[in-house]
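Colleague: Keeping the supplied structure of chain L fixed, place chain U with the ligand upon it in accordance with the hints.
Residue numbers (this note's numbering), protein chains in the order written: chain L, 1 to 178; chain U, 1 to 563.
Source of the hints: derived by calculation from the structure; they are not laboratory data. What you are looking at is a predicted structure, and each value in this text was computed from that prediction instead of being measured. Each hint can be trusted.
Okay, the calculated beta carbon distance ranges per label pair:
1. L:Leu24 x U:Gly500: 47 to 53 Å
2. L:Phe53 x U:Gly209: 26 to 32 Å
3. U:Pro460 x L:Gln70: 22 to 28 Å
Derived contacts from chain L toward chain U, CB cut-off under 10 Å, selection only:
4. His11
5. Val14
6. Val29
7. Leu144
8. Thr150
9. Leu156
10. Leu164
For glycine and all other residues, C-beta sits at the position ideal for the given N, C-alpha and C.
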Amino acid sequence: MAVAPERVYWHERVSRLERIWVALAVVMVVVFFSAMMLVWHAVGRQNTEGRAFRVTPAAYRAQVEAFARQYQVGEEAGRPVVEPPPGSDVYMYATRFAFYPILRLRAGERYTLHIASLDYLHGFSIAHPHQWNLQLYPGYEWVLPFTPTTPGVYNLACNEFCGLGHEFMLGKIVVVER
Amino acid sequence: MASEARTCAVTGFRVYRQTENLIKANAVAAVVFLLIGGIAAVVVLLTRWLGLFAPRTFYQFIALHGWSMLIFWIIFFEVAILYFAGSVMLNARLAGTRLAWGAFGLMAIGAAMVEAAILRSPLNHLSFQPYPPLRGTWDFYLGTDLFAVGALLAVAIFFATVYRARKEKASQGPLPLVVYGAFVTAVLAVATLLVGAMVFVPAFLWAVGLVPSLNPFVWKLVYWGYGHPSQQINLGATISVWYLLAFLTVGGTTPSEKISRFAFVLYLVAINLGSAHHLQTEPSGALSVGWKWINTGYLMHLAVLGSMIHAFAVPGSVEIGQRARGYDRGLFQWLARGPWRNPAFSSLVLSVALFGFLGGTTGVIAGTEQLNLKWHNTTAIMGHFHGVVVAGTTLAFMGLTYYVLPLIFRRRVVAPRLAAVQPWLFGIGVGLMVLAFLQLGVRFGLPRKQPDVFAFGRSPLAFRYPPEVFALLTVAGVGGLLALAGGALFVALVVGTVLGGRRLTDEELRREYAIPQPASNPGHARDVGVRGTFILCLIFAAFFLAMYVANYLNLARAWPIGH
Ligand SMILES: [Cu+2]
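Chain L extracted, bound-state conformation (with noise of 0.2 Å):
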């Protein structure tokens, strides 16, 4: 039965072509894609480098709601819209089923952005127009540095499953001109 290799394999010589072929693989995923990440560390602009805190999501929400009354400067969809000054933190919770609050910033400034959900499992993805998508847990705080670049109404999703309701977990990011 040819299904089964008649002799010891191990012996067999391997055929120049699939020498070349594994050796261009080695190079090009175990070495380069691999390097890569670390480059990317270095040169690159975006990055999942940040810091994580344990909280309790009440002290968690009792900040974010300070921070949202002492900076708002309007109102939308029931939420605050809160304009902190350029290049500060600024304090965003995710809950079931929204993101609070909304926020004004200048483009081209350097924000720091604590994110946390208060209940569950939640995605926060500046989804249209896209920019990137993190991953939010109860009882984690989220600190990492951003740069919002171009002025624009930037809408969030939620884009991991929350429960029923979670097709309308929205929220909103506006970039204005420095």
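Modeller: Chain U with the ligand in isolation, oriented as in the chain L frame:
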């Protein structure tokens, strides 16, 4: 003793009646769940494409679709493959047939409990990944546990059968590559199912109130120690089936036994560690950047290297077989003159091509630390896993079924013309859908698990996507319908053949399904034997590299983060 076993007229394997019955039962159960999953897919597809069903129905049916397809259809079929590889290919009686029926019963009961729990629609609908604190009902978790115990038993029976075959000298010399691949897959399955128990048993205890709460972060972390390797089982099984199909359809054998085996070993050592690529956008600090990099860089890429090797060896096997049959002219005569009327052959070729170009490359890209920022939980992820488990695994299993029907059920496949079209309908449909999902996710950030991209459940913050999004959704919808038609045709052909296909005599089997005999010893002249494959692989590598770089360029245009 005479009726206890027969000798297969095509392969010469000893087929024990009990093994045959168990293979039949598991394969039939698999196809039943394929049918349920396919029906659920109609609801999912029409909701995403046209917003036809309410979100509530969508969440319910997406869970039904996921569990039916990704778990029940695939694992029942894999158990059939394990029994085939362990008992039939090694000419040994299955160790513990009664236990194997017990395993089948546990899996069937578990699967039915899970499906019933989903259909009853408890308060907290669970989508496919049931992350706490979302809590399902107790029977949902108990069902998953029972199914896993059954599957674990089946794997244990496979190991015992291999052991018996060696001890009784029913099989001597090196294990056939297909059995070797199945063996590696089975080892992965044990590890995976045990890790699965680490999340689903506590979840059950939590659902009945014996455990007050679960840490959602730890739960998801461990869940992916099960969730990802479980897909590696599918990968191992798919590749074993590819080697088997290359042999059955054109008599092809791998260019290098040791390299192919080494590639399977790479799965064994690296892939479980690589499961961390599902955790790229988790809070860093909780999971440090260095931890992510080591796990998803070097460790995952060792497993990817295994896949790159199979990417050469599987088409290489086909090329070697075809050249030995006399289709030896030029670079690609072997491919052009393949037995295209045999649906198993077109399934093999389409499955390898779609898996490689669409499923494989996207998996590596989505699993790259920074690139995941763009991909995470968008429809691009759906594009990736449909490329892998639908265009790859499911299509390969369909291809194998075209041999299971004559060789195990001993019936001629009905409507051969339709059967020849079926893999194309399915493959092209899934391919279109996958391409659209990838575009929608990476370019337009369309969220997955989102039933209403039209009005967002009338949220006051609803927004409108550009028209291209709806055009791409139409492409995905049409592709999905084609795939569903291909899937329905497959189920119809299977049912038609099992119930009404003409019985085949040994003589007919020998004549119609004869395995092409390869040259007695291709020896070391194999460089010539794989040069077409080499060119195809270079094209694949160039495509892969271009996609990888394009994704970094796309990421570079996004808002800076973590800088
Ligand atoms: Cu949410």
